[in-house]
Amino acid sequence: MSAVTTGQDLARAATPSAAVRARDLLASEWTKFRSVRSSYWTLAVAVVTPIGFSVLLASAFASSPSGRTPVDPLLPGLLSLDYAVIAVTVLGVLSFSSEFGTGLIGTTFAAAPRRRAVLAAKAAVTGVVTLVAGEVVAFVSFFAVQAILAGHHLGVSLSRPGVPGAVLATGVLLCVCALIGVALGAIIRHTAGGIAAALAVIALPAIVSVLPPPWNDRIGRFDLLDAAQQVTALHPQPSLFAPALSLLVLLAWPAVALAAASPLITRRDI
Amino acid sequence: MIELDRVSKRFGPVVALDDLSFTVRPGHVTGFLGPNGAGKTTTMKIIIGLDAPTSGTALVNGRRYDRLIRPLHQVGTLLDATALHGGRSARLHLASIAQSNGIGRHRVAEVIRLTGLEAVADRRVKGYSLGMKQRLGLAAALLGDPPILMFDEPVNGLDTEGIGWIRQFFKTLAAQGRTVLVSSHLMSEMALTADHLIVIGRGKLLADMPTAQLIAANARHDVLVRSPRGIEFAGLLTARGATVTPEPDGAFVVTGLDAAGIGDLAAAHGIAVHALVPRQASLEDAYLDLTGESVDYHGTMPAAAPEPATPQGPAAPQGPAAPQGPATEGTPTR
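Chains as they are written, first to last, in the numbering used here: chain P, 123 to 392; chain W, 3 to 336.
These are computed hints drawn from the structure, not numbers from a lab.
Quick reminder that beta carbons are idealized off the backbone N, C-alpha and C, glycines included.
Each hint should be verified, as a subset may be incorrect.
What the simulated footprint calls covered on chain P by chain W, stretch by stretch (three residues with Cβ under 8 angstroms from a Cβ of chain W suffice, anywhere in the stretch; the number is not a length) [claimed, not checked]:
| no. | region |
| --- | --- |
| 1 | 149-158 |
| 2 | 231-243 |
| 3 | 307-313 |
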């Protein structure tokens, strides 16, 4: 069992570059992600339900008495994301909470004592997976919805200015929610509590819409779901931030959540 | 080499570790003993940086663990064998740990073979017995082929054959010049496995010495004597240089003279002897002597037998102190 190691091997093992170490951690987290079934189930829910739902919504829009109410043709794609948001948030929370729940986190942090790097690796793996899933959902939903709406002369083409960005942004929303889940999983350390907290962070700020104007919009422009609607709509609301600024607001949410998680996981005992 | 220097750990008002200092040296198996709740797991967590000490330092090979790059090449640890994701196979569990430290696939296969898990390595660990999980934990600790190894209660859940195997395994690792620290709450187990013992109770160091020395220092050899002419005989024994301690029931305990010598002396003076019982305190008693006052969780005997007649044997000094009573491992706060 005592492997014969050459001096060169030893030197390489002693000081791998930061890039190599980052790649190692990413590989490790990717192996963890792909080696449990819950990942696949959650992703399946995140991908299948919104596509199906958007088709239903588009049909409902198309068959409603048209003409009077100009419906944003991109809205079904966003509205149908609710279940997907829940699914990817759970996926994000689980990346930490399942390790805290089983005690596996001790093994993980013993193997990688730089815990911020573990947080970054988990965020990267979860973020990339949910971004890909989100874009698949966004584009498949878009084409399905527009095919239905086109029959009623309500659809838009992907070549229309603003549309590709809006569709891309729809996919980003899932990634954003998953990353908030990762952060809250690291902070709360329990699955149920983490999911509840993450969904509260995502959905509760929308409550500012009941404030009297102009405060509903002044504060509401910082709300995650309002910002998501701004960047995914064909006709953004003038009272909120412009889409480019709203995209920054949207990305700031997971950034702040992960920044809050970072010192906590570093400082706390396991 | 593992060095603890005045390590203390508080969980709120509870002092889990109290100014603990010791050094674990390479080349032999060091047993880390203490009753449940003594602070063994907390100590190990502090060594590998999972818990931060309130004060003091813990170093592995002269460095803080959390400063190590690819630490699994330096220290392999098995803290909790059940800390696994039930849905993952042993092979992918090990692969994920290996990848984080740049350890290749062939080494994963190697540790699976070393720990005898080949047949089950691709099954989900949900169905593993505790013994299989212990083997898997051992495999994970060995991944980086580290010079320092720590195992927390590794014998739990193993069958007799597994226990024999793991003992030999530890001895082999130590013989290769590695530092091997094995915790247990069972003295009898450590007596068979460890060359050196570190005993703690309530977070304090109680003993740090070679196993043989601990046994010699704490084991008692005496003879219980009962005689109708007890007082007279006691005087004769004392005159021969023996130490005589009276027991409450009229018997007395003799040290410094063995049973044959006492018998010959009695015969020479024509004194009747009704009992002549050589007694040898077991290692377990030595351990109880050491830790008796530091057991957090005392078991109590069933109330039905109010005065169980203590058989002729070494009486445990602390009465019903039973360290393996309620099997709650861990610090009192958790």
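Now for the hints, and whether the structure bears them out:
no.: 1; hint: 149-158; verdict: holds (count 7)
no.: 2; hint: 231-243; verdict: holds (count 6)
no.: 3; hint: 307-313; verdict: violated (count 0)
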